[in-house]
Amino acid sequence: MKNLEMVTIIVNDRPVTAPVEAHESLLDFLRNKAGAVEVKCGCNQGDCGTCTVLFQGKAAKSCLILALQAQGKEVRTIKGFSGDFLMEQLQESFVRNGAIQCGFCTPGMLISSYAFLQATPQPAREEIRNAISGNLCRCTGYKKIIDAVEEVALKRTGKQQDKQTTPSSFSEGQEEAKGNYLLLGGG
Amino acid sequence: MELKVIGKGVPKYDAWGKARGEVIYADDFSMPGMLYGKVFRSSLPRAKILSIDTSKAENLPGVHAVITHKDVPKNNLRARFGQGTEIGAQFEGLYRVLAEGEVRYYGEPVALIAAETPEIAEKACELIEVQYEPLPGVFDPLEAMQPGAPQVGEKENNIASHFKIRKGDVEKGFAQADVIVEGFYQVGYQDHAYLELESGVAWVDDDGTIVIRVSSQVIEHFREVAEVLDLPHSRVRYIGTLIGGGFGGKEDITVESYLALLAWKTRRPVKLTYTRKESLLVHSKRHPYYMYYKTGATKDGKITAVHAKLISDAGSYAALSPWVLLYSTVDAIGPYNVENVKVDAYTVMTNTPITSAFRGFGAPQVNLAYESQMNELAKKLGMNPMELRRKNYLKQGDSLATGYVYDRPVPLDLLAQKAWEALGPKRTSSKPQVKIGRGLAVGMCSYGRLTFLHDTSRSYVRLELDGSALIRCGVPDVGGGQGHILAQIVSEELGVPLNLIKIHVTDSQLTPLAGTTTATRQLYMSGNATLKACRELRQRMFRKAAQMLLTNEEDLEVGEGKVYLKSDPTRYIALVPLINRMSADGDELYVEAQFNAPFSDVPAKEIIEGRTFPDFTFGAYGVEVEVDEETGKVELKRVVAAFDVGRALNPILVEGQIEGGAVQGAGYALMEDMVIKDGIIQTPSLQEYLIPTSMDVPDVESILIESGTGLGPYGAKGIGEPPIVGIAPAILNAIDDAVGVRITSLPVTSEKILMELKASKEGNKAA
Amino acid sequence: MINCEYLKPVDLQEALKFASQFADRARFAAGCTNILPDIHTGKLRDCVLIDISDLKELKGINREDDFISLGSATTVTELLNSEIIRNEAPVLWEAASRFADPVVRNRATVGGNLAYGSPASDMSVPLLVLDATVLVQSMEKGIREIPLRNFFVGPGKTVLSPSEVILRIKFEPLSDFKFYYTKFGKRNAMAISIASLAVGIKLGKAIEEARIALGALAPIPLRALRTEEFLTGKPVQTEILEKASEILLSEINPISDIRGSKEYRLELTRALFLRAVNNILSLK
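Protein sequence lines correspond, in order, to chains A, B and C. Quick note, the first sequence lines up with residues -12 to 174 if you use the working numbering. Quick note, the second sequence lines up with residues 877 to 1643 if you use the working numbering. Quick note, the third sequence lines up with residues -19 to 264 if you use the working numbering.
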């Protein structure tokens, strides 16, 4: 006999009620009981970030939260941001900057970026890089994701960054070498 | 001719759906009455199966099926991945669905379960009882090559394939050399570590067709699955999903046979998704290689001879090991013109998990060796590494080591210079124990499949009456815009705005088969097929428009929703009336076109000669590292990648491949460590098998050169795999530049560097 | 089969009551960043999860006289956002900034990290060097104050009984010390330490006092007491520091595992220690 308990979680502003076992994670609940398959499962152990949601307004890996811990609490998935200007800006920026390849990391990556920009509206590039360090991406190499977030941040603070859709020079590219020095703590 | 859509970094059609979380990946899909599948796997790397008792599992409430090899209509297939070409014993492998009589690797599938919940399926696994008789296994290819080693496969000899190159006379070549460099290089596994795990759902349609909705790079596997079930090919249909990362790991059959068997048996939909642990433990990986190289050169830096011996670990089932070995053989000496070449390459079976396709497909391994050799040679000659390479690059008209004359430009010198110059003036370290070093490496990587496979692709394009368009193409989309780029081509060729084009991809019965999304072939093959279809359609449009505009076809152009005269653009006919007139006249508004790659013959002997690939993509990496001499830690500070992409049909997508491939290659070089002991992987989680986070890599700087000399549409070359070739040796060369330590095995851990530094310090003391 | 239950106590008293009631099966759960992976891998199969993540009694970062006091359910992000911690306990702040990744930090708690008892525990190293005390409570034993130095017993084992909950962690800011923290892993984020080290030195004409804490280098996170004793009162000289590093290596007992060999960890420790000390000494 399974030990089942009813739980009600506010998913994208709607209460969802379902029976769960004590050890079930919020991720299990979202995907299997709330129909929120936009929240992905890449490892189920907190190592990849594809399950990232907003939990009580903060970015959190849903595979590391017990469903019962979320009783009565608010969870927001990537589908829960309609009308949210910041998220729309982020999505548009990701789309236009080529920050989305296979797309599997994208919902989690967007949520981590969103939460970060809310807390740090004027970030340095290295801070953006740090903010997404809990979300793995195997396709993009991260550069275009950071570009996308940086562009939104610059737009929000009033400094318009006019990004063309096509980069200015291609053949025999005279690209300026961009130095990039990582901010690393300790060691 | 000015191109309007091609060359623009327009967003992919699937990007918004992914940004909104609307895409239904394989595991996101469910059906009413669906059961959950699970694979029961062996707990030993080599054993005889004495008995399998599934009765307790079968009787567990909620279990609908338990399948072992005896329930599989055809449990053993000769794997032939061509398109009907008999490819011969050297290339075939055994595809065994479920273990039969013995297990050859830890985690080999022994039974399949379908149950009402994943928990019941897991419980059923625990109830299956297998009696094993453990047998001695062999876990290293060098050991497996020895006489008397345990037999892994069906052949007495564990050597699955042996390929050779014999060009000129290496003995003479070495005799002419003033300087000889020998090196022994070793690379371990690499796991694809795609974020989306292997997954699919299968069901039996109302007409008895098995439908498999699956994340797969090769929907043509419907043929193999049909044979496994002893059904006609027409009775198995693959619906390919948008794939959450492939990199070659979803190229072989993963879950599909299991799904088909379980759905067929239960007559219920069945879902099967691997866990991350399962995926890391058992799914196919990049081949570990041992590589011995001997390179000889004159004091002026002209390489006179190369002798290479390659030994790869074929795992316990050959899968694509012979193919990967062939790539390594052809690429063994790199993009250099060498008169005397001897290569012996072996792929050897061991009782370890399967090794098969992974981005680069045998090119990265040998690239590591030959580009390390180059720098070692430069050192010994007292020559600048760029200068040494310059003296030896393959040039247009030179022949490869296989004797095949490469008749296209090879802009390696330009690429190497650009990559190197972009690094700028040398930096000085602010900390005494941190040394800065720079490394250069070049690479070559084929695009298009082996020509003896007689590769073809098909695409269908249709004009709608309102001026919009439809594309159907079987191309699997792994995220690189494989589907999207076809829409860009149609938009360019037919003047239909991009937002009016709908594309259906990846259905083995409803979309024309486009072949595998592997071997960097889709832009080349499906792109050309789509281009061909468009040009045929365009010709029909021009024929009709010429009549309607009272002009000749040569003077016509299409764009922005109309067909117009080049000489007088005010004379035009809009697409809608043109198309409707064509329709009324009974003209066919659709074309399905097939594109054939160049065909060659299957290698008849072990010596590889002549043409093997349609073409190659060349690239160069300039890399800067910081090495901490006290801890051995390597920080990758700058990565500059310069590639001749032929033509960048969509520069943002092209850059995306370069940036992603470079980072995946950096992971291979610096941190991806698949530890295996006695055939069992010790690192089955993403906390143990580490891939780069955003904090581990810099922004990759891409320099694109467009020579226009590719075989793809508009002169494009393939760019999916090439970026992973070149970065690893560039990093090793940079480390050597920084601290004078030549690392010859991957991954380069900080421990390896510190121990090497310590050893050389002690060596210096002794000397 | 997994046999877990979940309870949410309304306050601390109820939490203690539940823990006492379920004795060996009781498991306090807050961030669950270790508990859920353990359930998933089968390491934890049978437990009563007592959710203390929302208990107000276990939250808050305060100053209590000379001490800084943290509630055990303080998340790592809360540490990073705290002015008190940032200004007065920079060594703890630095460790928090290197902990796992920014998303996990929103959930992982200081108390949870200590109670899990990993030899590589990231929070233990700075707190050890600050000589923190852990305040714990249970129905059976009442309230106990345990110096963190005596808290860890073995890999995954602390002196806590299953019904004891960590209430608060307190330490004196030690503003007359200079600190250095480093965490060395195989990757720059989401990495389990190969070695982590915190050094605090109170410098006068000579070394007045030295504190050294290490993680991932022994069965427990520990203070290198003999090395500290050796350094006390000694002048800052290369030979002294070399000798100190030798003693340090004899106080640790690293293993060889998939992350690194014993030999490497010893070399690394020596290098990191000397670097730490040199860094501190150059801070004026």
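Keep in mind that a hint or two might mislead.
Pulled a few chain C residues facing chain A out of the computed Cβ check, cut under 7 Å [stated by the list, open to error]:
{"id": "1", "residue": "Ile(-18)"}
{"id": "2", "residue": "Asn86"}
{"id": "3", "residue": "Pro153"}
{"id": "4", "residue": "Phe157"}
In silico DSS-like links for lysine-lysine, alpha-carbon gap of 30 Å or less [what the hints assert, rightly or not]:
{"id": "5", "chain 1": "C", "residue 1": "Lys23", "chain 2": "C", "residue 2": "Lys121"}
{"id": "6", "chain 1": "B", "residue 1": "Lys1307", "chain 2": "C", "residue 2": "Lys(-3)"}
{"id": "7", "chain 1": "C", "residue 1": "Lys242", "chain 2": "B", "residue 2": "Lys1307"}
{"id": "8", "chain 1": "B", "residue 1": "Lys1481", "chain 2": "B", "residue 2": "Lys1048"}
{"id": "9", "chain 1": "B", "residue 1": "Lys999", "chain 2": "B", "residue 2": "Lys1553"}
{"id": "10", "chain 1": "A", "residue 1": "Lys66", "chain 2": "B", "residue 2": "Lys1153"}
{"id": "11", "chain 1": "C", "residue 1": "Lys(-12)", "chain 2": "A", "residue 2": "Lys(-11)"}
{"id": "12", "chain 1": "C", "residue 1": "Lys242", "chain 2": "C", "residue 2": "Lys185"}
{"id": "13", "chain 1": "B", "residue 1": "Lys1628", "chain 2": "C", "residue 2": "Lys242"}
{"id": "14", "chain 1": "C", "residue 1": "Lys185", "chain 2": "B", "residue 2": "Lys1553"}
{"id": "15", "chain 1": "B", "residue 1": "Lys1256", "chain 2": "B", "residue 2": "Lys1185"}
{"id": "16", "chain 1": "C", "residue 1": "Lys23", "chain 2": "B", "residue 2": "Lys932"}
{"id": "17", "chain 1": "B", "residue 1": "Lys932", "chain 2": "B", "residue 2": "Lys884"}
{"id": "18", "chain 1": "A", "residue 1": "Lys142", "chain 2": "B", "residue 2": "Lys884"}
{"id": "19", "chain 1": "B", "residue 1": "Lys1178", "chain 2": "B", "residue 2": "Lys1307"}
{"id": "20", "chain 1": "C", "residue 1": "Lys242", "chain 2": "B", "residue 2": "Lys1634"}
{"id": "21", "chain 1": "B", "residue 1": "Lys1628", "chain 2": "C", "residue 2": "Lys223"}
{"id": "22", "chain 1": "B", "residue 1": "Lys880", "chain 2": "A", "residue 2": "Lys142"}
{"id": "23", "chain 1": "C", "residue 1": "Lys242", "chain 2": "B", "residue 2": "Lys1637"}
{"id": "24", "chain 1": "B", "residue 1": "Lys1141", "chain 2": "A", "residue 2": "Lys20"}
{"id": "25", "chain 1": "B", "residue 1": "Lys1634", "chain 2": "B", "residue 2": "Lys1256"}
{"id": "26", "chain 1": "C", "residue 1": "Lys23", "chain 2": "A", "residue 2": "Lys20"}
{"id": "27", "chain 1": "C", "residue 1": "Lys158", "chain 2": "B", "residue 2": "Lys1307"}
{"id": "28", "chain 1": "A", "residue 1": "Lys60", "chain 2": "C", "residue 2": "Lys(-3)"}
{"id": "29", "chain 1": "B", "residue 1": "Lys1153", "chain 2": "C", "residue 2": "Lys23"}
{"id": "30", "chain 1": "B", "residue 1": "Lys1378", "chain 2": "A", "residue 2": "Lys66"}
{"id": "31", "chain 1": "C", "residue 1": "Lys121", "chain 2": "B", "residue 2": "Lys1307"}
{"id": "32", "chain 1": "C", "residue 1": "Lys158", "chain 2": "A", "residue 2": "Lys(-11)"}
{"id": "33", "chain 1": "C", "residue 1": "Lys242", "chain 2": "A", "residue 2": "Lys60"}
Because the hints were derived from the structure by calculation, they are not lab data. Nothing here was measured: the structure is a model prediction, and the numbers come from that model. Glycine included, C-beta positions come from ideal geometry on N, C-alpha and C.
Are any of the numbered hints broken by this structure? If so, which, sorted upward?
Checked against the structure, the hints that fail are numbers 3, 4, 6, 12, 14, 17, 19, 31, 32 and 33, while the rest are satisfied.
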